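From first to last, the protein sequence lines are chains Z and Y. Its first residue numbered 1, the first sequence is counted upward by one per residue in the numbering used here. Its first residue numbered 1, the second sequence is counted upward by one per residue in the numbering used here.
For the record, the hints were derived by calculation from the structure and aren't laboratory data. The structure presented is a predicted model; accordingly, all values stated were derived computationally and were not measured. Among the clues, some could well be false.
Just so you know, same-sequence chains aren't split out, so a pair can sit in one copy or run between any two.
Claimed, not checked - Listed below are the simulated DSS-like cross-link pairs for lysine-lysine, each with C-alpha atoms no more than 27 angstroms apart in a straight line:
#	residue 1	residue 2
1	K72	K46
2	K72	K167
3	K46	K29
4	K105	K167
5	K72	K154
Number of protein chains: 2
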Amino acid sequence: MSSPIEFYFDFSSPYAYLATAGIDALAAKHHRNVTWKPMMLGAALKLTGNRPLVDVPMKGEYTRHDVPRTAKHLNLPFVWPEKFPYAAIAPSRAFYWLATRDETKAKLFARAVFTAYFGHGRDMTTPEAVADVASHLGVPPAETLAALQDQAVKDRLKAETDAAIAKGVFGSPFFFVDGESFWGQDRLPDVARQLGGA
Amino acid sequence: MSSPIEFYFDFSSPYAYLATAGIDALAAKHHRNVTWKPMMLGAALKLTGNRPLVDVPMKGEYTRHDVPRTAKHLNLPFVWPEKFPYAAIAPSRAFYWLATRDETKAKLFARAVFTAYFGHGRDMTTPEAVADVASHLGVPPAETLAALQDQAVKDRLKAETDAAIAKGVFGSPFFFVDGESFWGQDRLPDVARQLGGA
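With these hints in hand, go ahead and build the complete structure from the sequences.
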């Protein structure tokens, strides 16, 4: 199996949620794995001077229409969460903590966080909400809550975010396939072409 | 035949150039026409607070790599023009002047301007360069040069740009299909789906 696809995202990004509908199946079709890499996109936005999509005049209105219609096309449940966007520190830290123990479980956790937040509008800002999601995957809430306070876990997310920015990640979702980078959920056809060796 | 697709663009937009490779053929497949609508995107960028893509840190480097690789995939000639981006006032004015006389010729002119600029790196800022492109379509240069000074022609571009912004156009290319809007060359698959009545 060739090197994995890297899938960088912010848990607060609706287009990343839309990308979760297709990325693993697309990779599997081409006998690849996908490494999921949550990051704090706000740190990149500070560097580029960009703002969250929905805060930009005109672009914001477009996004508010575009995301639900695309979710519908992809058969993904979608609601605009009351608190949007949010600083997804808790789920991002929990992801990396889980990933060091069990990468498959970490991905299931990430999908569950996305579905809870964008599919059902559940607040994902608090450690308790994140621990609750993890508990449905068999992780005792007390363990998740402890991990979220662990300095090594905090440092890991910081290091992953810094590394993503150093690699050129400025938006979410952002993919790397064999050294080629693709920004945006609408670039999955290009990811597919790259996987096909075109 | 149903109502035409509206294709808004700035002549200085490389992604608009990439979109010209496919939009008319896609429309024809669905028995639609395409109305080409050049505009001065700078006026919209002022409202959104956005900057030209290549001026944005990180996003700029991505774009400089992404445009040539996509052009290659689409079999379009591409070079980065020395003067990029540019204020495409002259070709935009000439387009609307031509379109009132002959819409087909205006589209051929638009394609020729894009190819001269992004395909061969020719400077398209001057009235003389624009008149030269039009001359290859049988338009006497003196007529084009006179039109570019015509206040009614100047007013037309201003009115078209204002109307585009009022409609919500904040980027280039930007498409409207039966009331649905799609931003970006990478959204042509969505335009196709909309045309298919999905």
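Verification of the supplied hints:
| no. | hint | in the structure |
| --- | --- | --- |
| 1 | K72 <-> K46 | neither (32 angstroms within a copy, 32 angstroms between copies) |
| 2 | K72 <-> K167 | between (32 angstroms within a copy, 24 angstroms between copies) |
| 3 | K46 <-> K29 | neither (36 angstroms within a copy, 44 angstroms between copies) |
| 4 | K105 <-> K167 | within (26 angstroms within a copy, 46 angstroms between copies) |
| 5 | K72 <-> K154 | neither (35 angstroms within a copy, 43 angstroms between copies) |
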